[in-house]
Amino acid sequence: MPAIGKQSIEFQNDVFILGGGAIVGKKEGDGPLGNCFDRIEEDPMMGMNSWEEAESALQQKAAALAIQKASVLKDQIRMIFAGDLLAQSIASSFGIVSLERPVYGLFGACSTMGEALSLGSMAVAGGYGDIVMALTSSHFASAEKEFRNPLEYGSQRPLSASWTVTGSGACVLGTRSSKVKITGLTTGKITDYGLKDFQNMGACMAPAACDTIAANLKDFMREPSWYDKIITGDLGYVGQRILFDLLKDQGQDITEQHLDCGIMIFDQETQDTHAGGSGCGCAASVFASYILPQVESGTWKKVLFVPTGALMSKTSFYEGQSVPGIAQAVVIEYVE
Amino acid sequence: MDYINAFWVGGLICALVQILLDRTKMMPGRIMVMLVCLGSFLGAIGVYDPLIEFAGAGASVPLMGFGNVLWKGVKEAIGKEGFMGLFMGGLTSSAVGISAALIFGYMISVIFQPKMKS
Amino acid sequence: MANLNSEEQKKQYEEYVKQVTPVHSLPVNMAKAFLVGGLICVFGQWILNTAKSHGMNQEMAGAWCSLTLVFLSALLTGLNIYPKITKFGGAGALVPITGFANSVAAPAVEYKKEGQVFGIGAKIFTIAGPVILYGIFSSWVLGLIYLIFQWWGGGF
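Chains as they are written, first to last, in my numbering: chain F, 1 to 336; chain Y, 337 to 454; chain L, 455 to 610.
A hint or two may mislead.
For lysine to aspartate or glutamate, the following EDC-like pairs were computed, each having C-alpha atoms within a straight-line distance of at most 20 Å [said to hold, decoys possible]: (1) F:Lys301 - F:Glu10; (2) Y:Lys451 - L:Glu568; (3) L:Lys506 - Y:Asp385; (4) L:Lys506 - Y:Glu389; (5) L:Lys567 - F:Glu269; (6) Y:Lys408 - Y:Glu389; (7) L:Lys538 - F:Glu144; (8) F:Lys196 - F:Glu269; (9) L:Lys541 - F:Glu269; (10) Y:Lys453 - F:Glu144; (11) F:Lys314 - F:Glu144; (12) F:Lys229 - F:Glu144.
Stretches of chain L that chain F covers, calculated by requiring three or more beta carbons in the stretch to come under 8 Å of a beta carbon on chain F [what the hints assert, rightly or not]: (13) 466 to 478; (14) 498 to 506; (15) 538 to 548; (16) 592 to 604.
In silico contact screen, one side only, chain Y against chain L (beta carbon under 10 Å); selected entries [to be verified]: (17) Gly347; (18) Val383; (19) Pro386; (20) Gly418; (21) Tyr442; (22) Val446; (23) Gln449.
Read the hints as simulated data drawn from the structure, not as lab findings.
We treat Cβ as the ideally placed atom computed from N, Cα and C, and that holds for glycine.
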């Protein structure tokens, strides 16, 4: 039975990652992982007319990159699982319309890559699609406009605030053999610790990461040391600290294995990004361009990829609601 | 000299507001509302005009000065038109600030494009 | 456990988060706000003095001061310079009327993609709207109280 424990799946059929592609903006290209990304786009407008259209263009390009690196044809893709931060996921809808493939639109905030990889791998393992794609994006400008303030508005950001990544990452999954497999997943629960501070996303999402990681370890009956790396999406420096403390309360220590895409993608000292990078594109681009190659080469053999998302809207915030989080975990393994 | 008073009074008001920005969860929008209402109130109890006498722009340039202008406008209009003055005074006195913001804001939007932050 | 259900637990978590979250140095930020705010006010004072030396009365001088500061703030907003000033000066850029102007010009620029009517027109007051509403309303309430006092005073 593939379903194990309370909220996990251990795939009986093989799900391979055939290839991944990522395109990011200038700031991300200037960061520590700059050399890893497939493409760096200097123009934040991507030659389009609005930030939202620019984000769609990012998705289009990322999808094309992934298709090329996976050596598949666009028309072979049975399903695309895609989403983004914007209301009604318009970046995704307009980004992939030109691909003319069947699509399931998703919303998982910044956990969307985890959600897309999970659903995509379920489709492959279930025999419902021999080639599928997981795709997501974020754009600093469109996110600021949607959730915070117009770019030209002056404000001071607290040290706990994160910087939304401008970037898109796409992965092609399938039944064809490759060096990387998705062997399992843990579906996250919405986790609410009552925090209302949307300028401290790490603290809002850490409980969800803790819950999903703990559930994964429990369901699979593994110790943290089973994994070479446990990588969250955008908890940032503050969220990482909180995650360690919350897990220690549950008797788990992941300090050896833990990495965070938001911490890795920017240099805190020189790029003034405070708590770190965030956004769907953060986890997605780092996964496609950095994590995946590490596993492909055998440098890391077993990775738990667990991006987190903060489930709020401007309306919910103004109406005084808290900011609950969610974390979707995927188990990636190197194929000998 | 009036420049010195403008500097330290204006600066002090800003420094005190900085405490609100840094140590409370108050957002800029809420702080601006608070300043304008405070200015109205201080104007009404007769405290703000003396402050402007002393500090000049140090008191009139901060948003509280805007609230004071609103209050004075309402007060004057009541003096002239009685009850109707309540509705005539506010926007009239603040006309310059609000009109300028709208007109120049619009012109700026015609000329400039949204730009990314680095 | 997925959620914290009691208010007390939520409060505890909030306290804990506060402890582990780094914050800016308040004295440093206050100093920067003092400097930036003070300088903007000095510049405003210069405008007032210049206007008065041209024979204008207090009210007209004040109008020219507001006009100039609003214009410059809008221009610096368009040039993408005002956000940098605010990043450094915080309240020093927010408190003067220049902050108000920035909050009107910024949405105007950003929302132009959504059109003249529904973009710029509808959204130009997204940030500054409350200032105008509550400014007008509070002066109205105070005016009402003033009016009532006058009637009572007149009655005696």
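Here is how each hint holds up against the structure:
{"no.": "1", "hint": "F:Lys301 - F:Glu10", "verdict": "17 Å, holds"}
{"no.": "2", "hint": "Y:Lys451 - L:Glu568", "verdict": "16 Å, holds"}
{"no.": "3", "hint": "L:Lys506 - Y:Asp385", "verdict": "18 Å, holds"}
{"no.": "4", "hint": "L:Lys506 - Y:Glu389", "verdict": "14 Å, holds"}
{"no.": "5", "hint": "L:Lys567 - F:Glu269", "verdict": "34 Å, violated"}
{"no.": "6", "hint": "Y:Lys408 - Y:Glu389", "verdict": "15 Å, holds"}
{"no.": "7", "hint": "L:Lys538 - F:Glu144", "verdict": "16 Å, holds"}
{"no.": "8", "hint": "F:Lys196 - F:Glu269", "verdict": "27 Å, violated"}
{"no.": "9", "hint": "L:Lys541 - F:Glu269", "verdict": "16 Å, holds"}
{"no.": "10", "hint": "Y:Lys453 - F:Glu144", "verdict": "10 Å, holds"}
{"no.": "11", "hint": "F:Lys314 - F:Glu144", "verdict": "11 Å, holds"}
{"no.": "12", "hint": "F:Lys229 - F:Glu144", "verdict": "31 Å, violated"}
{"no.": "13", "hint": "466 to 478", "verdict": "holds (count 9)"}
{"no.": "14", "hint": "498 to 506", "verdict": "violated (count 0)"}
{"no.": "15", "hint": "538 to 548", "verdict": "holds (count 7)"}
{"no.": "16", "hint": "592 to 604", "verdict": "violated (count 0)"}
{"no.": "17", "hint": "Gly347", "verdict": "3 Å, holds"}
{"no.": "18", "hint": "Val383", "verdict": "13 Å, violated"}
{"no.": "19", "hint": "Pro386", "verdict": "14 Å, violated"}
{"no.": "20", "hint": "Gly418", "verdict": "8 Å, holds"}
{"no.": "21", "hint": "Tyr442", "verdict": "6 Å, holds"}
{"no.": "22", "hint": "Val446", "verdict": "8 Å, holds"}
{"no.": "23", "hint": "Gln449", "verdict": "7 Å, holds"}
Checked against the numbered hints listed earlier, the structure breaks hints 5, 8, 12, 14, 16, 18 and 19; every other hint is satisfied.
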